[in-house]
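In order, the protein sequence lines correspond to chains A and B. The first sequence maps to residues 160 to 401 in this note's numbering. The second sequence maps to residues 69 to 451 in this note's numbering.
Treat the hints as calculated values from the structure; they're not laboratory data.
Below, simulated SDA-like cross-link-like pairs (lysine to any residue); rule was C-alpha separation at most 20 Å, straight line: (1) B:Lys234 <-> A:Glu346; (2) B:Lys294 <-> B:Val320; (3) B:Lys241 <-> A:Ser347; (4) A:Lys294 <-> A:His275; (5) B:Lys294 <-> B:Gly309; (6) B:Lys294 <-> B:Ser318; (7) A:Lys370 <-> B:Lys87; (8) B:Lys78 <-> A:Gln394; (9) A:Lys378 <-> A:Ile353; (10) A:Lys389 <-> B:Ile71; (11) B:Lys269 <-> A:Pro345; (12) B:Lys370 <-> B:Tyr157; (13) A:Lys370 <-> B:Lys78; (14) B:Lys78 <-> A:Asn364; (15) B:Lys238 <-> A:Gln394; (16) B:Lys132 <-> A:Ser357; (17) A:Lys368 <-> B:Ala83; (18) A:Lys389 <-> B:Lys241; (19) B:Lys238 <-> A:Gly385; (20) A:Lys253 <-> A:Ile286; (21) B:Lys370 <-> B:Thr161; (22) B:Lys292 <-> B:Met315; (23) B:Lys310 <-> B:Asn328; (24) B:Lys169 <-> B:His207; (25) B:Lys235 <-> B:His207; (26) B:Lys238 <-> A:Glu346.
In this text, all values refer to a predicted model and were calculated from it rather than measured experimentally.
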Amino acid sequence: MIKIKFPKLKTLDNVKLHLDALVVGAKEAIKPGTITIEYPRERRLLPDSFRGYVLFSPENCISCFQCSFVCPANAIGMKLAANNRYYPTIDYTKCIFCHFCVDSCPGAALRPTKVHDVVYKNMNEMITSTEEMVKPPKIVREDGYTVEYVIDGVKLILRRIKEKDNLIPEFKPHEKVKEYSACVMPESCLACGICVSSCPSEAINLSVKEKEKELKIDKERCTGCGICVKECPVQILSLVRE
Amino acid sequence: MAITLEWSVKIPDRAIEEKYWLNLKKKVIDAGLCSHCSTCALICPVDGIISADREIDFPDWEEKCVDCSACVRVCPRYDYTPLCDIGEYIELTAARSKRFKGQDGAMATEFMASALEMGLIDRALFVGRDEEWRTNIYHIRSVDQLKDTRLTGTKYSFASVLPEIKKAMKTSKLGIGVVGTPCMVSGIRKLQSEFSLFREKIKLVCGLFCTENFYHHQLYEFLKEKGVDFSKLIKTDITKGKFIATMTDSVVSFPVKELNDIIPHGCEVCIDFTAVESDFSVGSVGSNVGYSTVVVRGEVAKDVLDFIRENNYADFGKVIPEVIEKLSNLKKKRKKNIPEEFRSRIQEEVKPEESKESKESREKESEKEKTEKPKEQEGTKEG
Chain A
160 MIKIKFPKLK
170 TLDNVKLHLD
180 ALVVGAKEAI
190 KPGTITIEYP
200 RERRLLPDSF
210 RGYVLFSPEN
220 CISCFQCSFV
230 CPANAIGMKL
240 AANNRYYPTI
250 DYTKCIFCHF
260 CVDSCPGAAL
270 RPTKVHDVVY
280 KNMNEMITST
290 EEMVKPPKIV
300 REDGYTVEYV
310 IDGVKLILRR
320 IKEKDNLIPE
330 FKPHEKVKEY
340 SACVMPESCL
350 ACGICVSSCP
360 SEAINLSVKE
370 KEKELKIDKE
380 RCTGCGICVK
390 ECPVQILSLV
400 RE
Chain B
69 MAITLEWSVK
79 IPDRAIEEKY
89 WLNLKKKVID
99 AGLCSHCSTC
109 ALICPVDGII
119 SADREIDFPD
129 WEEKCVDCSA
139 CVRVCPRYDY
149 TPLCDIGEYI
159 ELTAARSKRF
169 KGQDGAMATE
179 FMASALEMGL
189 IDRALFVGRD
199 EEWRTNIYHI
209 RSVDQLKDTR
219 LTGTKYSFAS
229 VLPEIKKAMK
239 TSKLGIGVVG
249 TPCMVSGIRK
259 LQSEFSLFRE
269 KIKLVCGLFC
279 TENFYHHQLY
289 EFLKEKGVDF
299 SKLIKTDITK
309 GKFIATMTDS
319 VVSFPVKELN
329 DIIPHGCEVC
339 IDFTAVESDF
349 SVGSVGSNVG
359 YSTVVVRGEV
369 AKDVLDFIRE
379 NNYADFGKVI
389 PEVIEKLSNL
399 KKKRKKNIPE
409 EFRSRIQEEV
419 KPEESKESKE
429 SREKESEKEK
439 TEKPKEQEGT
449 KEG
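Based on the provided sequences and hints, a complete structural model is requested.
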């Protein structure tokens, strides 16, 4: 066991520290709000990369399941939607806000927001369905100011901006290296067509001729989601970088 | 690695204008040619083909079958080329492992263990058994696992070894070793000729001398009627025309001919006794008691044998090739059961020095000892 000893200070330093504390106390008494933020009437300015509530845009989703695979807390479930596609749902009782799902999403269908203060009345409410994920959650905003912490040397300064912070920042998806699926061992192909039926963007085509089956991957259509690579029973497909 | 966006796959002709699975069912399974080697179950992309203790089946083919033709392409009996005799070999020897205990000389185990030690393979598929002698497949990853002698010995029941190759392929980095009956060896070879993927990964194929194999439930019922108590059973063997079941306190023995009624159809049309296509084959026939006969055919198996010699892992003995020939000829008589269209493909080794009479007399002799050891499979429980 390590015991941490109280640092032995020189008398002069000790006096100085006490005086500093008294000055801060006096300042706070005369003009309050110099060291603390009055949440919820004020909100702290958060960076755009803040990992909060996750939004979802179904039109970008290719049902590749990447988010649910990558989720370390196992919070993401894939539910069958009316259009026969699988979309994610997030269980916020489990979510650790690591945003691996956002990072892994190949189509940028998942976007981060700065919302971190959603109130739930019970545990079941925290399992967020796909429909709920499309719109930002309802939160009561009482704030009029946005407060920014500025550290100037050793001094901490609070800067107040009389503007409401936009909690849903414009999301610029990181530029991904374009990948596409290709066959690396054509002579082992079973021609079973599982890749064709699994492809969400209809990029693989199988045509049956008299004596052979022809398979073709449309590079332009392929989004590089890797579903076919995963589904191929003999594992002969692979993602190739452009 | 050749990367391609466009490729084509040749598809075989259909015998009937139905899904390929129905072609297979009609031409092989219903025709009584199926050897239960399970190669189709291995390749089926939807895992629909079931290889269990009954005929190979695809119960929900109507909804699941994608009609890919893979099962037809890999089936060694769809376009059957019956093989027979001992075939070409590099070395014929008899040996007894110093490290392992098996049916006879435990050479199948020894070869696989040595291959594991050499770093040639990192997975070996072995057949073990449960209390009722049902077959289970075990993935062997270290030599120590094979030292467990509790579950070694011949089972005489079909085992679904080949479907396990699919699982082993995913985890194996170096290669896979497989021990199987001649039909399974043929299945693997057909698979390798069709799909190059398996050519690289399946490195060592051990064939076992085999006259026939049984469905577990049929053999179980039969042996139970004969008074075999499976909880005490420690070894089954076929020697000199007798089936011998050794239990901890007694021995049940009967002429192997009595088993004729339960021989599956697939075995009736098989004339391959020594697993001609294997890298090496192992059996008890042709060597002294306690020794296994080893027929080394491939260069890889030869390397393993040299490794065994170098490390002095086995004692070597004498082989009597005539006995193997005798039994292989005995099995060859089944060619009368093979449908006409395939029978013409049989390529027999011509032995000019043999007269018809001597052949006949020899066959009569060998009839007395109808079957020798058909199968040797050692397996151990993992962990």
